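J.: What follows is the residue order along each chain.
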Amino acid sequence: MASKANHHPSAARQRFGSDWRAGRITAWLTTVDHKRVGLLYIWTTLGFFAVGGVLALLMRAQLATPNENFLTRGSYNQVLTIHGTTMIFLVIVPILAGFGNFLVPLMIGARDMAFPRLNALSYWLFLLGGIVLLSSFWAGHGAAQGGWTSYVPLSTLHMPGHGEDFWILGLHILSISSLVGAINFIVTIHNMRTSGMTWTRIPLFIWAILTYAWLLVIVLPTLSAGLTMMLLDRQWGTHFFDPVHGGSPILYQHVFWFFGHPEVYIMILPAMGIISEIIPVFARKPIFGYKAVAYSTVGIAFFSLLVWAHHMFSTGLPVGLDSFFMLSSMVIAVPTGVKIFNWLATLWRGNISFDTPMLWSLGFIGVFTLGGLSGIFLAAFPIDWQLTDTYFVVAHLHYVLFGGSMFAVFAGLYYWWPKMFGRLLDERLGKLHFALVLIGFNVTFLPQHFLGLLGMPRRVYTYRPGGIWEVYNVISTVGSFLMAVGMLVFVLNVVITARSGRRASNDPWLADTLEWYTTSPPPAWNFDRLPYISNARPLRDVRRRLEAERWK
Amino acid sequence: MTRGSIFKLFAYAVVAGAITTAVAVFIPWLPTAATRQADRMWFSIWFAEIIAIVVFAVVAAALIYCVVEFRVKPGDTSDGPPTHGHTMLEIIWTAIPTVIVIAITIVAAIVIHDNGKAGTNPLVIKVVTQQFTYQFEYPNGKTFNILRLPKDRNVKLDLSSKDVIHSFWVPAFGQKTDAVPGITTSIVITPTRTGYYPIICTQLCGLGHALMRSEAIVLESTEYDSWYASAGEAPAAAAGGTDGKSVYTAAGCGACHVFTAGGSAGTIGSSLDNLSVDAAKAGEELNDFIRSSITDPDTFLAPGYAKGVMPSTYKSSISGAQLDSLVQYLAENTK
Ligand code: HEC
Ligand code: HEM
Ligand SMILES: [Cu+2]
Ligand SMILES: [Cu+2]
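First to last, the sequence lines map onto chains A and B. The first sequence: position 382 = 403 (my numbering), numbered continuously. The second sequence: position 96 = 450 (my numbering), numbered continuously.
It should be emphasised that the hints constitute simulated quantities derived from the structure, not laboratory data. Please read these numbers as outputs of a predicted model, since none were measured by experiment. Take the hints with a grain of salt, since some may be wrong.
[What the hints assert, rightly or not] List of simulated lysine-lysine pairs, BS3-like, C-alpha gap at most 30 Å:
| no. | chain 1 | residue 1 | chain 2 | residue 2 |
| --- | --- | --- | --- | --- |
| 1 | B | Lys427 | B | Lys510 |
| 2 | B | Lys427 | A | Lys452 |
| 3 | A | Lys452 | B | Lys362 |
| 4 | B | Lys505 | B | Lys480 |
| 5 | B | Lys599 | B | Lys480 |
| 6 | B | Lys427 | B | Lys471 |
[As the list claims (entries may be wrong)] Just the calculated beta-carbon pair ranges, DEER-fashion:
| no. | chain 1 | residue 1 | chain 2 | residue 2 | range |
| --- | --- | --- | --- | --- | --- |
| 7 | A | Gly341 | B | Thr375 | 34 to 40 Å |
| 8 | B | Lys661 | A | Trp159 | 16 to 22 Å |
| 9 | B | Val369 | A | Lys452 | 21 to 27 Å |
| 10 | B | Glu574 | A | Gly341 | 36 to 42 Å |
| 11 | B | Thr441 | A | Ser526 | 36 to 42 Å |
| 12 | A | Val499 | B | Thr375 | 22 to 28 Å |
| 13 | B | Thr546 | A | Trp64 | 56 to 62 Å |
| 14 | B | Asp512 | A | Lys452 | 18 to 24 Å |
| 15 | A | His266 | B | Thr375 | 35 to 41 Å |
A virtual CB, placed ideally from N, CA and C, is assigned to each residue, including glycine.
Chain A extracted, bound-state conformation (with noise of 0.2 Å):
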């Protein structure tokens, strides 16, 4: 399985040119390469993340105060369906396959993905998919009104227009996308792993990337089913959905959420694993429990397909039923709980330094916990019945999709960087960077749990004045701002990096696993050569063979 030491430095430079950076636009147009698509992947992301972000803001500038005409009913609707949409699938998920495409091959020492070409086709799908998505703002009546959910009968009887068609069609590529992408990496690491590189010695984020793939593998078609009865409902007078015809309503919610948990732990894992890479170099010890991490990441992928009606609480399931998705949901808890334990013994008496990707890894632990505790509140059901469909599971959401994984993104950003782009982020501007979001990230969604308890609905335009919820929601509103100047600050140190930032040398934080074996960036066939793995941290073991001979 494993793959020949394939690597002829002479022959594969003269295949490959010198710099696979370098070229014009035709060749990034044209590219097969892992990390040109990678690169791409990562940039239409966080464009696609600056416009969920600016939507965003244009709701809480609404909810600032009561009763303001700023935007409102359909219109809010349709930014709060599109943010929703566009942070979930054209943002978090896309930017961990960015993050797979260019750290896989590399991570596990092979020259490319099994399937190239494949690779480049999920680029492109997700980037037509998005287009499609987002063009919908356009199309007559505007785009899609019923939420990231789009809960029927409202979107198949009651949604005039083709935005809701847009949004199908939208969804409908970039389930395409993923499902090819997550092939392509299933593939990858189960053939193309370099010699000695066993199932115990792949870095923890392989672990979760490999985790992650077989997911969206498992899922995306129940999606895929469920989209095209959506259509066929809207669009071709069938009943699926239709309790006046015999259809069902409840059916829709089934089909959406066998999708939708595991969705929530594709957008978490990979997360994860950035976390569990990051955290053992910046404390200088390996990762405490490696096959409990790794084993946990599977024990919740497994659980995370026997959740799926915890959404559904307040529909009038039966009682059996509803206590069988209660234990379900809280036994999920538990492996989430080992990797946080696992991640605080790592540090324990650890060398700490505090460069600005684990800046990222402990603020993602912290509002990662909290997002996770909130989360045993919705899965005990009569708690549900009060929090489901408030503020509060708002909160709860952007704990754990923005603590949680936007967090760790930013940390892999931070801590790849350097070998992306040869140069690092300047280490200043990246900690005000992350104070400004952490402060602006509490100060937004922590009163936000006080308005769902309080009776706040989510997904609601306006509100009564009086009492202390007008309080809550203009403090949410201005440390939702704060968090944009963060992301500014963001931009200004890409900008002014990209010219002056420090060069990287192959392996500047002293790191653990092969991708820093390399050059940064690598040259296009990867590697010139490879040690032979004979632990998870190969990279340590050359450190220490370079200083042993030194010593000679």
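Assemble the complex: chain A is given as a structure, and chain B with the ligands must be docked to it using the hints.
T.: Positioned in the frame of chain A, the structure of chain B with the ligands alone reads:
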């Protein structure tokens, strides 16, 4: 670990726990419970809350301790101790959370079991939802759009919907359930405090979702009985009545329409103050135009408005006599 470090760790945990507890206690979290079910709910929330505070304090303490104690000295790139894991620790921190979540599950299951019990002979009220109104049908067949409830009696609410999924939530009652078209869902409540409470729709149900509100009034049971006995003539909002204005109010037209005479200012639909202009455009006589606009809203669209927004269910939900007086009322009060 030395005794000193254990002590420090413990101190951090106490501080973190104290701060979170202070947040939990001093910030108003929950509305005052107004039903027996809500009392149980609040118990289960606090039960989970205490556990969450402890877990958070432990994690925060460990994190802060590491950050403070193990920061690297400048220029030091040496490795920390090469500890790769510890099986006993793994078992412990798998087992303890398992016990904790099972405890929460058990408490939750007991609460749900108790909250589902309607007892013998509950008062059954049908809650019929549609964009963007609630209607409450009492056992005597009368329908209102405000929910009146007797204190200390078990009430079973049977929810249904005429169009999309809505939801019924009164925060102080500690219960929420969706109204799903095609099926009937229900919740049981036993009010324990008199007063006025907002009813809130929490399921995105269209343009007017943010405005879909009603009110629940809990009365002393004697007050309730006398209201119930006389209900019908009583409160103006009764949809059972055929007076044009009360039909307008009860059918929830005001949530979407500006209509000066009806005192409504909804902004989802067009204004109803100048209907003759549109009647002329449609080439119909005013009364006919209004009638067909209500029964078949999609045949003529007010300029600039979309199809499928105004409910098409009024054909069946408003009786002939009611419709007549509604049309009459609109025609008399529009220009
Ligand atoms: C969900 C929001 C909504 C509700 C509730 C609603 N309407 Fe409408 N109504 C609309 C919209 C949107 C239009 C414009 C589109 C159209 O003409 O169908 C409209 C149009 C009308 C028109 C025609 C206006 C014109 O200028 O063409 C009349 C008359 C009318 N509604 C009366 C009523 C009455 C009476 C009720 C209560 C029984 C009611 N509506 C309830 C949304 C609503
Ligand atoms: C301890 C782990 C977790 C538990 C027990 C948990 C539980 C829940 C529950 C029960 C809900 C339903 C709330 C409701 O609608 O009433 C929910 C919502 C949600 N969760 Fe989690 N969750 C956990 C972790 C995560 C993670 C890791 C993510 C993503 C990375 C996530 C993303 C979401 C999202 C997006 C929603 C909102 C869905 C919607 O729009 O209705 N959750 N969670
Ligand atoms: Cu879920
Ligand atoms: Cu609603």
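J.: Please go over all the hints and tell whether each is borne out by the structure.
T.: Quick rundown of the hints versus the structure:
1. Between Lys427 (chain B) and Lys510 (chain B) the alpha-carbon distance is near 66 Å, which puts this suggested pair outside the 30 Å criterion.
2. The straight-line distance between the Cα atoms of Lys427 (chain B) and Lys452 (chain A) is roughly 19 Å, inside the 30 Å bound, and the hint therefore holds.
3. Simply put, Lys452 (chain A) and Lys362 (chain B) have alpha-carbon atoms about 28 Å apart, close enough for the 30 Å limit, and the pair holds.
4. A threshold of 30 Å between alpha carbons decides the hint, and for Lys505 (chain B) with Lys480 (chain B) the separation of about 18 Å falls inside it, so the pair holds.
5. With a CA separation close to 24 Å, the supplied pair Lys599 (chain B) and Lys480 (chain B) stays within the 30 Å bound.
6. With a CA separation close to 63 Å, the supplied pair Lys427 (chain B) and Lys471 (chain B) exceeds the 30 Å bound.
7. Checked against the hint of 34 to 40 Å, the C-beta distance between Gly341 (chain A) and Thr375 (chain B) comes to roughly 36 Å, which is consistent with it.
8. Taking the beta carbon of each, Lys661 (chain B) and Trp159 (chain A) are about 19 Å apart, inside 16 to 22 Å as hinted.
9. Taking the beta carbon of each, Val369 (chain B) and Lys452 (chain A) are about 25 Å apart, inside 21 to 27 Å as hinted.
10. A C-beta distance of roughly 38 Å is found between Glu574 (chain B) and Gly341 (chain A), which places it inside the suggested range of 36 to 42 Å.
11. The supplied range of 36 to 42 Å is met by Thr441 (chain B) and Ser526 (chain A), whose beta-carbon atoms lie about 38 Å from each other.
12. About 26 Å separates the C-beta atoms of Val499 (chain A) and Thr375 (chain B), a value consistent with the hinted range of 22 to 28 Å.
13. In this structure the supplied range 56 to 62 Å holds for Thr546 (chain B) paired with Trp64 (chain A), their Cβ-Cβ distance being about 59 Å.
14. In this structure the supplied range 18 to 24 Å is violated for Asp512 (chain B) paired with Lys452 (chain A), their Cβ-Cβ distance being about 58 Å.
15. Separated by about 54 Å at the C-beta atoms, His266 (chain A) and Thr375 (chain B) break the suggested range of 35 to 41 Å.
When the structure is compared with the earlier hints, violations turn up for hints 1, 6, 14, 15 and for no others.
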